[in-house]
Amino acid sequence: MNMDIDKSQTSDQSAAVAGPQDTKAKGATILFIEDDPLLLKMYKTKFENEGFQVLTAEDGEEGLLMASGHSISLMILDLMLPKLSGLDMLAKYRAEPNGKNVPVVVLTNLTHEEEIKRAKELGVKEFIVKTDFTPSEVVLKVKELLGK
Amino acid sequence: MSYYFSDTFWTPWTIRLVMFFAVWQALSFFLLVYVFPNENLSVSKWVKFLVIPIATLTSVLTLTTLVFSDVKVVAGSPPVPTPAPGIAIFALTAISLVIGGVIIMIKKTRSDDSKVRAQTKPLLYGFLLMFVLIIVCNFILAVLFNVSSFVPLGALFILPFIVFTFYAIAKHELLNIKIVTTEILTFVLVITAFVEIILSSSFTEIIFRSGVFIALMVFGVLLIRSIMREVEHREKLQVLSEKLKIVDKQKDEFVSMAAHELRAPMTAIKGYLSMIMEGDAGEITEKARGFLADASVTNERLIRLVNNMLNVSRIEEGRMVYQIEKDNMSTVVKSVFAQFTPEAARKGLEFKLNIPREIKDMVEVDSDRLQEVIANLLSNAVKYTEKGLIEVRLKQPNPNTVRFEVEDTGPGISDVEQAKLFQKFARAESSVGKTTGTGLGLYICKLLMKKFDGKIGLISKEGKGSTFWFELPLVKEESKK
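First to last, the sequence lines map onto chains A and B. This note's numbering puts the first residue of the first sequence at 1, with every later residue one more than the last. This note's numbering puts the first residue of the second sequence at 1001, with every later residue one more than the last.
No lab work stands behind these hints: they were computed from the structure. Don't take every hint at face value.
To be verified - Part of the chain B face toward chain A, derived, beta carbon under 8 Å:
| no. | residue |
| --- | --- |
| 1 | 1059 |
| 2 | 1146 |
| 3 | 1264 |
| 4 | 1266 |
| 5 | 1270 |
| 6 | 1278 |
| 7 | 1303 |
| 8 | 1319 |
Backbone N, C-alpha and C fix where the C-beta goes; we use that ideal spot for every residue, glycine too.
So that you can see chain A by itself, here it is in the shape it has in the complex:
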């Protein structure tokens, strides 16, 4: 357990010092689209603590508006969303000029095979089952993707 605090403390310290590898990730703008407000708050807090700018949206339509109106470095997307499903929203976003190359991570709890296939066609890099990852592990994944 002690090891865990040490790790987070060192990463916080390195944030203050802003190591060369982290510069890309720190200050990057992440759009979080998630319909469960409790989970949204949780991830937002964690990512902000890690130095990210976090935009949030609670449904597909709002998410598409946010994505179109802002320059974002990465999108984290739930698939089961009200109004416009995650993948339908992503398809529309990919059709926009500034949405073509933004990396997308799908963060969900239930996926069907067809959804995964379609998501891959839409350029989704990573599938994360929510219950398998702590927020800090999600942060690590995002840092990995942005570091490339």
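Knowing the structure of chain A, use the given hints to seat chain B on it.
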């Protein structure tokens, strides 16, 4: 070919008999369409007390002089029947029956029940074909063009209707072909036996053949009955299995949905607990950290349970989506080992990890699923061991295989229970005394290992602890990049 009788007695009677059967033909057409595609002849009151009696009366009427009073026979030309007033009744009845049948048929082809629609359509087509043939040959050609050479074929024109009806029966299994065939065969046999009796030349032959005839009758009826019963059973079974499929699907949908609904709150609990422990909410005391760690362990167990339920239905239906990638097994083992360290420590168990430094462990798996396998095995070891040691090892039994082992000093498992341990819903109850869990964990481990071309098993003796192991084939490291 001449089909005219010139006999003054037979000619009117032939015509009357034709009329007589025409009424019955129209009635059976009506009843067939009315009942079709059901098997039971259940008709409404107005059919029973109006249609059938009227048709019967009309048919009797045709045999009297009320329909045709007389038939004039002139040699060399067709006989000319003299119509009587009763012909109007005949025409009305026959035409009403046919039109009524057609209306019912059309109604059924528009039924809400798609099955009834599909079944009735061939009947309608067959009827239309018959109707067109009769109109063309018996009316257009005969009356308008004076070509009467097709008229004698009249009786054949009903064939399309019979063929289409038969098609409907065969295609949609309306009346069971098996029963119909048996009935026809039995009928032929019985008729043959009967003819043989008639052709008998001596009294003993009559007795003998009558015996055969009666025996055939009895066994024929028994045979038909038994086949009918069998078909009935089969139909019932079919209905039941359809129902079962629906229920099974509903169950899976329910499990999926329930699992999904459970996962959202579990994610929040896991996330917030981890964040507090990681210091996102500021410093907390060591004691609080310990409690949170316990809560976290319990939550992880809950997550594993829900994952197992979800996975079983997915794997069994082939809906499981695997993300197969190359991965080092030691990395996966280390991460799962770390997850269980707090719980083992809390129970006061010695918890050791032993991975040889030079081990080859590159495997091709879905690492999330492999994690689940290892977590299930470690979870069992920690759950069932009250004191002593749990050792987790990686081994290299041969250059192409990596072997995982977890050895505990728990109660051990009897041979009898070992045999069924990897089955669905199996739990080592008697020797262990604990009945918690779904009994799905090891079953899923086995399914997943099969998927990854691996093997899984255990070595155990009652009172001497257990070693659960699995082996996976290695992939060549140089093909990693």
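Status of the hints after comparison with the structure:
1. 1059: 64 Å, violated
2. 1146: 68 Å, violated
3. 1264: This hint holds: residue 1264 of chain B lies near chain A, its Cβ roughly 6 Å from the closest one there, short of 8 Å.
4. 1266: Interface hint status for residue 1266 of chain B: holds (5 Å vs cutoff 8 Å).
5. 1270: 6 Å, holds
6. 1278: The hint holds - residue 1278 of chain B has a Cβ within 8 Å of chain A, the shortest such distance being about 4 Å.
7. 1303: This hint holds: residue 1303 of chain B lies near chain A, its Cβ roughly 5 Å from the closest one there, short of 8 Å.
8. 1319: 6 Å, holds
Comparing the model with each numbered hint stated earlier shows that hints 1, 2 do not hold.
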